[in-house]
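Asker: Model the full structure from these sequences, guided by the hints.
Chains as they are written, first to last, in the working numbering: chain A, 1 to 349; chain B, 1 to 77.
No wet-lab data here; the hints were simulated from the structure.
Please read all numbers here as calculations on a predicted model, not as lab measurements.
It is possible that some hints are incorrect.
[Unchecked claim] No more than 16 angstroms apart at the CA atoms, straight line, and that leaves these computed lysine to aspartate or glutamate pairs for EDC-like:
id, chain 1, residue 1, chain 2, residue 2
1, A, LYS335, B, ASP77
2, B, LYS56, A, GLU302
3, A, LYS160, A, GLU2
[As the list claims (entries may be wrong)] Just some of the chain A residues that point at chain B, by a computed CB distance under 7 angstroms:
id, residue
4, ASN59
5, PHE110
6, ILE112
7, PRO123
8, ASP126
9, ALA221
10, TYR278
11, ASP279
12, LEU289
13, LYS326
14, THR349
All C-beta atoms, glycine included, are put in the ideal place defined by N, C-alpha and C.
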Amino acid sequence: MEKIRVIHYINQFFANIGGEEKADIEPEIREGIVGPGLALQSGLGDEFEVVATVICGDNYFGSNLEKAQDTILNMIKPYEPNLFVAGPAFNAGRYGVACGAISKAVEEVFNIPVVTGMFEENPGVDMYKKDLYIIKTAGSAADMKKSMPKICALAKKLVKGEEVLSPSEEGYHVRGIRVNYFNERRGSERAVDLILKKVAGEPYETEYPMPVFDRVAPNPAVKDISKIKLAVVTSGGIVPQGNPDRIESSSATKYGVYNIEGMDSLTKDNFMTIHGGYDRAYVTENPNLVVPLDVLREMEKEGVIGELANYFVATTGTGTSVGNAKGFGEDFSKKLIADGVGAVILTST
Amino acid sequence: MVKEIERAGIPVVHMCTVVPISLTIGANRIIPAVGIPYPLGDPNLGEEKSKKLRRKLVERALKALQTEVDGQTVFED
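Answerer: If you want it as C-alpha cells, here you go:
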C-alpha cells in the first residue's frame with residue numbers, strides 16, 4: 001500500500017544549521033527526515049512517510065513573509081503531500097509565526113490536513129489558532145517527547161477523517177469553534193446547578209466562555225511634536241556595557257532605565273545588546289540601529305522634537321512572558337508620566 | 001508594553017520588524033522596520049545611507065504620532 005506522504009517544516013535551529021547567526025537562511029527542502037522529523041516519523045508509524053523536510057531561517061521567513069511562503073509552496077508541490085506538520089515551535093516567537101503562516105498557506109493551497117504545536121504565549125497561537133490545529137506544548141524543546149506524540153495522534157485522525165474531539169481532549173489550543181452535542185441533562189437543570197455552585201462559592205465552569213479581547217483604544221494624536229518630550233522604549237535588549245542590571249538575554253524578569261544625558265549617539269564602547277533572539281553582530285557595532293539616539297539628538301537640536309527624555313527604557317523581548325511585559329509597561333509608564341513624557345517610540349527587533 | 005504605555009495615556013508608536021505580531025498584541029500606530037537584526041537602518045548600505053534610512057523611519061514614526069487613528073494602523077510610508 002502506498003504510504004501517506006508527509007512534509008515537515010522546521011527552522012534553522014532544529015535543522016542543526018545554527019542559531020541566530022543563521023536565522024536569515026533562505027528556504028531549502030531536503031529528502032526525508034531532519035532533526036525532530038525522527039520523532040514525527042516514529043509517532044506517525046509505518047503507514048506514513050515523511051518524504052521531505054523544509055528548512056527556513058526564522059528571520060528570513062519573518063522578513064519575507066510572502067516570498068518565503070511562495071518559495072516553500074513551490075518546493076512542496078512536487079511531493080504531492082497528504083499531510084503537513086510544522087514545528088513544534090514551543091515558545092520561539094518568530095518560529096511560531098512562521099509555522100502558523102506556512103501551515104495556513106499549505107492548508108489553503110493544497111487542501112490537506114496541517115498540524116503545528118506551540119506554547120500558549122507564543123504569538124503564533126493568537127495569530128493562527130482560529131485557522132489551525134495548534135497542539136499545546138511547554139515553553140521549551142525539552143517538551144518534544146511529550147508534544148510530538150500529541151501532534152501525531154491528531155494528525156492521524158485528520159488524515160483518516162476521524163472525529164476530532166474537544167481542545168482539552170486532544171490537547172490543542174482552543175479555536176473558538178462551537179460544536180453541537182447532546183447532553184443527558186437539559187439546559188435548565190444545568191443552569192440551576194451552575195448558579196447553586198456559584199452561590200455556594202464552589203468552583204464552576206461556564207458552558208459558554210466568552211473570548212477575551214484586550215485592546216486599548218489609540219490615544220489622540222500628538223498636536224505638535226516640537227513641543228513634546230519624547231522617550232524611547234525598546235524590547236531589543238540594549239543595555240550599558242556589562243549589563244549592570246543583569247537583564248536576562250531571554251525570558252526577561254526585569255527592565256532597565258539608562259541614562260543618555262549629554263550623549264549624541266549610542267556608542268559601541270558604552271552600550272551593548274544582550275538580546276538572545278537575533279544575530280547581535282550589527283547592533284553590537286551600532287546600537288543606534290535599535291535605539292536611534294543619533295538621529296533623535298539631531299532632531300532635538302533642529303527643533304523637530306521638543307526634547308528627548310534623558311534616558312531610555314530597555315528589556316529583552318524574546319521569550320518574555322506577556323505577564324512580565326505587561327508589568328514592566330505598567331511600572332515604567334508611571335515614571336514616563338511623572339517625567340512629563342508626551343510621546344513614546346517603542347522599538348522591537 | 002506598547003499597550004500599557006497607551007493605557008497610561010501616552011501616545012506611542014511601535015517600530016517593529018514583524019508587523020503581524022504587533023497587530024496581534026494590539027499596537028495602534030505601527031511602523032514596519034527594516035530587518036530583525038537591524039530594525040532602524042541597514043548596515044549593508046554603508047553607515048551614511050543606513051543612518052539616512054534610520055532618520056526617515058524616525059520621521060515616519062513622528063508623523064504617525066501626530067496622526068489621528070481610529071484603530072490599528074500600519075504606516076507604510
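Asker: Indicate, hint by hint, whether the structure satisfies it.
Answerer: Checked hints:
no.	hint	verdict
1	LYS335/A with ASP77/B	violated, 32 angstroms
2	LYS56/B with GLU302/A	holds, 15 angstroms
3	LYS160/A with GLU2/A	holds, 14 angstroms
4	ASN59	holds, 4 angstroms
5	PHE110	violated, 22 angstroms
6	ILE112	violated, 23 angstroms
7	PRO123	holds, 5 angstroms
8	ASP126	holds, 5 angstroms
9	ALA221	holds, 5 angstroms
10	TYR278	holds, 5 angstroms
11	ASP279	holds, 5 angstroms
12	LEU289	holds, 5 angstroms
13	LYS326	holds, 6 angstroms
14	THR349	holds, 6 angstroms
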